[in-house]
Amino acid sequence: MIAYDKTLLDNVYIDQEAYRLKESGFISMEQYQSLNHQLPRLKTQNNLFIRIGFFILGCLLFSSICGFISLMMLATRDNQYIYFIYFFSMIGFGTKEFMSREMKYFGFGLDDAFILGAIATLLTAVGLSFEENYDTNYLAVIIVMAIVSCIAYLRYLNLSLALLACFGITASLAYTTFEYLTIGKSILPFVMLLFSGIGYFISKNKLQNLTIPYYYNGLKLAKAFCLILFYLAGNYYVVRELNFSLSGGYYYGGVSPEIPFALFFWVFTFSIPVVYLVFSLKNKDRIMLWIGFLALCFSFFTFRMYHHVLPPEVALTIGGLVLFAFTYFSIKKTKHNETGITFKEDRFANPHAFENLQVLVATSQFGLKPEVKVEESPMKFGGGGFSGGGSNGEF
1122 MIAYDKTLLD NVYIDQEAYR LKESGFISME QYQSLNHQLP RLKTQNNLFI
1172 RIGFFILGCL LFSSICGFIS LMMLATRDNQ YIYFIYFFSM IGFGTKEFMS
1222 REMKYFGFGL DDAFILGAIA TLLTAVGLSF EENYDTNYLA VIIVMAIVSC
1272 IAYLRYLNLS LALLACFGIT ASLAYTTFEY LTIGKSILPF VMLLFSGIGY
1322 FISKNKLQNL TIPYYYNGLK LAKAFCLILF YLAGNYYVVR ELNFSLSGGY
1372 YYGGVSPEIP FALFFWVFTF SIPVVYLVFS LKNKDRIMLW IGFLALCFSF
1422 FTFRMYHHVL PPEVALTIGG LVLFAFTYFS IKKTKHNETG ITFKEDRFAN
1472 PHAFENLQVL VATSQFGLKP EVKVEESPMK FGGGGFSGGG SNGEF
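Sequential numbering from 1122 applies to the sequence shown in my numbering.
No lab work stands behind these hints, which were simulated from the structure alone.
Virtual Cβ for every residue (Gly too), placed ideally from N, Cα, C.
Treat the hints loosely; a few may be bogus.
[To be verified] Here are the simulated DSS-like pairs of lysine-lysine, each with C-alpha atoms no more than 27 Å apart in a straight line:
1) Lys1306 / Lys1225
2) Lys1344 / Lys1127
3) Lys1403 / Lys1456
4) Lys1143 / Lys1341
5) Lys1403 / Lys1453
6) Lys1306 / Lys1327
[Claimed, not checked] DEER-style ranges, computed between Cβ atoms:
7) Leu1402 / Ser1307: 31 to 37 Å
8) Ile1268 / Leu1402: 25 to 31 Å
9) Ser1392 / Ile1304: 23 to 29 Å
10) Ile1319 / Phe1147: 34 to 40 Å
11) Tyr1134 / Gln1329: 14 to 20 Å
12) Tyr1204 / Asp1126: 31 to 37 Å
13) Leu1431 / Phe1147: 21 to 27 Å
14) Lys1327 / Ser1184: 34 to 40 Å
15) Lys1327 / Leu1431: 44 to 50 Å
16) Val1396 / Lys1456: 25 to 31 Å
17) Lys1403 / Leu1129: 21 to 27 Å
18) Val1443 / Gln1329: 31 to 37 Å
19) Asn1330 / Ile1304: 35 to 41 Å
20) Val1388 / Asn1330: 30 to 36 Å
Using the sequences and the hints, build the whole thing.
So, in structure tokens, the structure goes:
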């Protein structure tokens, strides 16, 4: 199923792990360079900015090819132009396959542009093919996006394809529930809760039993996506405003009304972030920890949207004081722990992050500047008496 040579692909993961060990201080630069020169591997680009540059170049190249073919087919009329859009998609998929198998590109930027361009043109062609039927149009597009993105990710291991697959599957289920079930609008949040919960446990189980690293990042992304979707599906603000929007209320103005089971959604909005934080600390899950913090912030935002208990400046001040106190006592409690929850630096993170932060804080707060040694002048003075520098009382 995977398009790449397995040996070269394995060497890419070995090189990435060796780089992490070098950055963390477990191996020296000489050891890493020796291993790096010995491993034949796929052509990949780890520098994000360079990869973005190649991606932009790939987009320009793909659009130029499509534009050149379009100029030659200007005489095409009626609906025949749709076939050329399908043809553009085939060009994108074919070029991506050639780059992966023959040119050995893996996450290089150029190949990303062609596979995403191929999917975009395919979805455009599908949408134009069903443009007469408005409801079928949307459903066909998101179903095709889900299927094609899943197959493309399993073959090319591109994380953007995994994200597209997650969005496509979620949108397909949500749209089907809302449009084709009589009580779809009422049960949509609970369907999303059930779907995201099942997806989370499936991805978590697959991660625990994974023996090869090829799909590890994709499963982590799917797990994080399910955590976010689970919270948003039960968030009071999202449920209330989305329900009002799907009912067409925003077209006529007004304020969204109260929703059924409001107490359940309010409890869910504030309890789930706490559950995320507790289980992330217990299971040492950093991604869940960050999602839990962000979800808690969004919960306070949700409360402020409907209940203005304090002025914004007072609420922000109190919130900052509480956060400072919690952070301070947490650091004091965990700074000496060798195991479990600890404030000691992670060697697999940037090992100099804390030192750099301390220097930046000291410089910004106290205006400290590094000492600069003044270069001595090549002209030597001295020996002067009362008559001036160097005169010694005589010419």
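Cross-check of the supplied hints:
At most 27 Å may separate the alpha-carbon atoms for a hinted pair to count; Lys1306 and Lys1225 exceed this at roughly 48 Å. For a cut-off of 27 Å, the pair hint linking Lys1344 to Lys1127 stands: about 25 Å separates their Cα positions. Distance check on the hinted pair: Lys1403 and Lys1456 sit about 17 Å apart at the alpha-carbon level, within 27 Å; holds. Of the supplied pair hints, the one linking Lys1143 and Lys1341 holds, its CA atoms being roughly 24 Å apart against a limit of 27 Å.
Pair hint Lys1403 plus Lys1453 holds up; C-alpha atoms about 19 Å apart against a cutoff of 27 Å. Distance hint between Lys1306 and Lys1327 is unfulfilled; the C-alpha atoms sit about 32 Å from each other, more than 27 Å. Checked against the given bound of 31 to 37 Å, the beta carbons of Leu1402 and Ser1307, roughly 36 Å apart, stay inside it. For the pair Ile1268 and Leu1402, the beta carbons lie near 38 Å from each other, so the given range of 25 to 31 Å is not met.
The given range of 23 to 29 Å is respected by Ser1392 and Ile1304, whose C-beta atoms sit roughly 26 Å from each other. Separated by about 39 Å at the C-beta atoms, Ile1319 and Phe1147 satisfy the suggested range of 34 to 40 Å. Between Tyr1134 and Gln1329 the CB atoms are about 19 Å apart, so this pair conforms to the stated range of 14 to 20 Å. Checked against the hint of 31 to 37 Å, the pair Tyr1204 and Asp1126 passes, with Cβ atoms roughly 34 Å apart.
Hint check: Leu1431 to Phe1147, Cβ distance near 50 Å, so the stated range 21 to 27 Å is violated. Between Lys1327 and Ser1184 the beta carbons are some 37 Å apart, a value that agrees with the proposed interval 34 to 40 Å. The given range of 44 to 50 Å is respected by Lys1327 and Leu1431, whose C-beta atoms sit roughly 45 Å from each other. In this structure the hint that Val1396 and Lys1456 lie 25 to 31 Å apart at CB holds, the actual value being about 26 Å.
A hinted range of 21 to 27 Å for the beta carbons of Lys1403 and Leu1129 is inconsistent with their spacing of about 39 Å. Hint check: Val1443 to Gln1329, Cβ distance near 36 Å, so the stated range 31 to 37 Å holds. In this structure, Asn1330 and Ile1304 meet the distance hint of 35 to 41 Å, their C-beta atoms being roughly 37 Å apart. Separation of Val1388 from Asn1330 is about 34 Å and conforms to the stated range, judged on CB atoms against 30 to 36 Å.
In summary, the numbered hints that this structure violates are 1, 6, 8, 13 and 17.
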